Amino acid sequence: MTTEAKVIAVGAVAAFCRPALDQQTWINALYPFLSQTAAVSYETVNPGRVPCTAVMGDARLRDTDGSYTTRVFVPTDAGEYSVLLNRSDVSDPWLVEQITPYTGG
Numbered sequence: 539m540t541t542e543a544k545v546i547a548v549g550a551v552a553a554f555c556r557p558a559l560d561q562q563t564w565i566n567a568l569y570p571f572l573s574q575t576a577a578v579s580y581e582t583v584n585p586g587r588v589p590c591t592a593v594m595g596d597a598r599l600r601d602t603d604g605s606y607t608t609r610v611f612v613p614t615d616a617g618e619y620s621v622l623l624n625r626s627d628v629s630d631p632w633l634v635e636q637i638t639p640y641t642g643g
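The numbering used here puts the first residue of the sequence shown at 539, with every later residue one more than the last.
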């Protein structure tokens, strides 16, 4: 279960960390990982302002119930990113709700 969440989180951050792309190409690559709510929010992001360009290592789980909600930390060349994922049912795919720089804590 949580291995799947880590794979989704890494894929989402890899798609997110592409500041050289135009906005439409960037969001189209990110859509498959996002919840509907997150998709609407991330449509307003200017990818040129995203500081990371690559995933740099293994993701780690944190704050997970193992079934419906989890947080995954993904290291990048611009520091670690926190990815919040959830799903409504254990048979549903994990979807990203939020990708934010991790500031500790």
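Keep in mind that the hints were calculated from the coordinates and are not lab data.
There may be inaccurate statements among the hints.
[As the list claims (entries may be wrong)] Label-pair ranges, simulated between beta-carbon atoms:
{"id": "1", "residue 1": "Gly604", "residue 2": "Pro639", "range": "24 to 30 Å"}
{"id": "2", "residue 1": "Pro570", "residue 2": "Gly642", "range": "17 to 23 Å"}
{"id": "3", "residue 1": "Leu559", "residue 2": "Tyr606", "range": "21 to 27 Å"}
{"id": "4", "residue 1": "Glu542", "residue 2": "Tyr640", "range": "16 to 22 Å"}
{"id": "5", "residue 1": "Thr602", "residue 2": "Gly642", "range": "14 to 20 Å"}
In this text the structure is predicted, and so the values were computed from the model without any measurement.
Backbone N, C-alpha and C fix where the C-beta goes; we use that ideal spot for every residue, glycine too.
Status of the hints after comparison with the structure:
1. Gly604 / Pro639: 24 to 30 Å: Cβ of Gly604 to Cβ of Pro639: about 25 Å, so the range 24 to 30 Å holds.
2. Pro570 / Gly642: 17 to 23 Å: For Pro570 and Gly642 the Cβ distance comes to about 30 Å; the hint is violated.
3. Leu559 / Tyr606: 21 to 27 Å: Once the Cβ atoms are compared, 32 Å apart, the range 21 to 27 Å for Tyr606 and Leu559 is violated.
4. Glu542 / Tyr640: 16 to 22 Å: Since the Cβ atoms of Glu542 and Tyr640 sit about 21 Å apart, the hinted range of 16 to 22 Å holds.
5. Thr602 / Gly642: 14 to 20 Å: holds, 19 Å
In this structure, the hints that do not hold are numbers 2 and 3, in rising order.
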